[in-house]
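**Student:** The primary structure of each chain is shown beneath.
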Amino acid sequence: MAIHTLAVLVENSPGVLARVASLFSRRGYNIDSLAVGPTENPTVSRMTIVLNLEGHALDQVSAQLFKLVNVIGISEMKSSDSVQRELLLVKVPANPVTKGLAAKFDAVITDENDQSLSLEIVGDKDRIEQLLTALKPHGIRELVQSGLVALERGASTLADRTLTTMGTANESSPDNKTADYQN
Amino acid sequence: MTKVTGAQSLVNSLEAAGVDVMFGIPGGAILPAYDPIFDSKIRHILVRHEQGAGHAATGYAQVTGRVGVCIATSGPGATNLVTPLADAQMDSVPVVAITGQVPGPAIGTDAFQEADIRGITMPFTKHNYLITDPDDIPRAIAEAFHIASTGRPGTVLVDIAKDALQRMTTFDYPKQVSLAGYNPVTQPKAQDIADAATLISQSKKPVLYVGGGVIKANAAKELLILAEITGVPVVTTLMARGAFPDSHPQHLGMPGMHGTVAAVTALQKADLLITLGARFDDRVTGKLSTFAPNAKVIHADIDPAEIGKNRHADVAIIGDLKNILLKLNPAVKEVLSKVQPDLTPWQNEVYGWRSKYPLGYDKPADGSVSPQYVIERIGKISGPKTIFTSGVGQHQMWASQFIGYENPRTWLNSGGLGTMGYAVPAAMGAKVGAPDATVWAIDGDGCFQMTNQELVTCALNNIPIKVAIINNESLGMVRQWQTLFYNGRYSNTNLESKRVPDFKMLAEAMGCVGLRCERPEDVDKTIEAAMAINDQPVVVDFSVHRDAMVWPMVAAGSSNDDITTVRSMAPVWDSQEL
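Quick mapping for you: the protein sequence lines, in order, are chains A and B. Throughout the first sequence, residue numbering follows the working numbering, covering -5 to 177 in sequence. Throughout the second sequence, residue numbering follows the working numbering, covering 49 to 626 in sequence.
Isolated chain A, as found in the complex (with noise of 0.2 Å):
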């Protein structure tokens, strides 16, 4: 069992979601989290699964996504080469401990009550579940977190590699659909 996280481009298009989704679902991939958003390219969406991969091969998932007439690109966000980041929203009792929490995590006070205090965090996975941790014995009252996203380091990006060759169909090149993954 192994954790990966995807990232793919997709077509802005009715149902995308849905295919992804039936895919995953049908062939009993399970996805930890997934997060899907507007790109700088208006007509390209940009989604990040988090996978727990049992059993199948991050190829075969990949090879898979792949034949979706609606994915243009896939590439995987190893750690070590990516910036990873989640957002997350947590409600808890207003007291001293909880802001002494709040500010030793530089999260951020969203709102506050007599009763309750809202931190937003924004960090990778180890930072939020820190905080959680910390928070948990004195009492969250309602949680939710946005799903991870990743950005390659560096000056590449996957839409370089994918999407100069959009509209380009000539089934005399191999590579013209190029991504990390590739036919």
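Bear in mind the hints are in silico, worked out from the structure with no lab data behind them. Mixed in with the good hints, there may be bad ones.
[To be verified] Okay, the calculated beta carbon distance ranges per label pair:
(1) B:ALA242 / A:PRO8: 43 to 49 Å
(2) B:LEU336 / A:VAL102: 48 to 54 Å
(3) A:PRO8 / B:VAL225: 18 to 24 Å
(4) A:GLY94 / B:PRO171: 47 to 53 Å
(5) B:TRP529 / A:LEU47: 32 to 38 Å
(6) B:LYS335 / A:SER110: 53 to 59 Å
(7) B:ALA557 / A:ASN46: 54 to 60 Å
(8) B:PRO171 / A:LEU137: 31 to 37 Å
Every residue gets a Cβ at the ideal spot worked out from N, C-alpha and C, and that includes glycine.
Assemble the complex: chain A is given as a structure, and chain B must be docked to it using the hints.
**Tutor:** Coordinates of chain B only, in the frame set by chain A:
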């Protein structure tokens, strides 16, 4: 540009895509499209059930290599296409389905005859569309045909809202389709070809494991060349029957659950599988962990997702199989000119298995007709140019085993999904695609009762197919499993179809010629009588022995090493063979 309705734009688009025939039934939501269809040069065949339309489109596509087209209305019309679309997708058949949808503003309101067919068909279409703007129709149709017919062929559904068919638009068919996320690799990499050639030259016990992809890629000729320059024995899967001539001395027959002893054993003992357009299906491999334990694998396929899905590939070659073989054949020839491994001991061994354990069957002791004999005689009498379709079950396996296939696209069956009822509508589509060929549907009495209404379509539309009902008055394959694994407790497999229905009368009621055969000595003359009728569909009710079983057999979940030739009889191997 002149304004046309969305419906007219759809029909123009289908014409521009080169459609010459489609199978369908009109209904409320698709009704606007049927008005311009009335004037179109496209032949529309009015079927009796949408499932028939889907299988007919599949049969047409399997025989012609072109995209088959079916059309239905929203809701139940569309959901009736679900089975044939799943079927065609599993067997990689290019089919485009057009469905009407309730008007755009009504979508999502649980309107009359509304079904989310795009959502329903997502898992088993290669791609699908919901069109609510008439301007999108030509592009969607052009993309649908492009996607269905290129790369690994498959199904595409285009669902069109009724108001999009009614509203005005301009018709402008795209000259070229370009899809950012769809560019199938068709040319293999030179290095992969070289690696494969090297592995072939090093192998002492190779087998060509040939799948349906060879037929899809029209690569039968190139396969024959590879087989002959290497001398490697060949097995053809259920989907590949006809890809390599059954009469060829290197052919071992079909592998898998009901494969020949020689084909199954050759795969088990091989040191190299040269896998061409096959997918290591469980019905071929048996228990995967014990399949071909000593073999390296060359896996050539158009679909990268098949590589390593079930079995690790030592050399993977991605591309169109025809392109692959056009490059691999000279490369292999070149390598073999330097090192020619001696395959004689291996060839002697596998051909020895073939002569020692041929396919066969016993004549029933009670003098009744043996189902294998009927099927074998139909094959012999009608000859190798005949196109055969089958349903699913015992008769399907016998039709694969006891008919000699010499040509690709002459054996159509539901291999992946295993859809009972495939034979009659697929035969109808095949006959439409190949009107000069004799088309026989080898069907079971169970299968026949699922889709026989399309014989009405055949009778009314001058589609003279021939149907052989192998009537053992049972769901025969299920009964066989009950015999073998459920202590002969025949729970709900007795169809009583020698009593009801009267298939001869049923055929005649549907406008066909009905024949019946109940004695072995009448088999040939009944087949000949059916062969003599070419202006009407013919249905022959062959009343056969009920307890005939399909052998050899590898029980589900068992190792291929445990193949049994007849009940409780395993092949006796010489010690050096093991």
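**Student:** Taking the hints in turn, state whether each one holds.
**Tutor:** Hints versus structure:
With their beta carbons about 45 Å apart, ALA242 of chain B and PRO8 of chain A fall inside the hinted range of 43 to 49 Å. LEU336 of chain B and VAL102 of chain A have their C-beta atoms about 53 Å apart, which keeps the hinted 48 to 54 Å range intact. Taken as a hint, the range 18 to 24 Å holds for the pair PRO8 of chain A and VAL225 of chain B, whose Cβ atoms sit roughly 19 Å apart. The supplied range of 47 to 53 Å is met by GLY94 of chain A and PRO171 of chain B, whose beta-carbon atoms lie about 51 Å from each other.
Between TRP529 of chain B and LEU47 of chain A the Cβ separation comes to about 35 Å, which falls inside the hinted range of 32 to 38 Å. Judged by the Cβ atoms, the range 53 to 59 Å given for LYS335 of chain B and SER110 of chain A holds: they are separated by roughly 58 Å. Checked against the hint of 54 to 60 Å, the pair ALA557 of chain B and ASN46 of chain A passes, with Cβ atoms roughly 59 Å apart. In this structure the supplied range 31 to 37 Å holds for PRO171 of chain B paired with LEU137 of chain A, their Cβ-Cβ distance being about 34 Å.
Taken one by one, the earlier hints all hold for this structure without exception.
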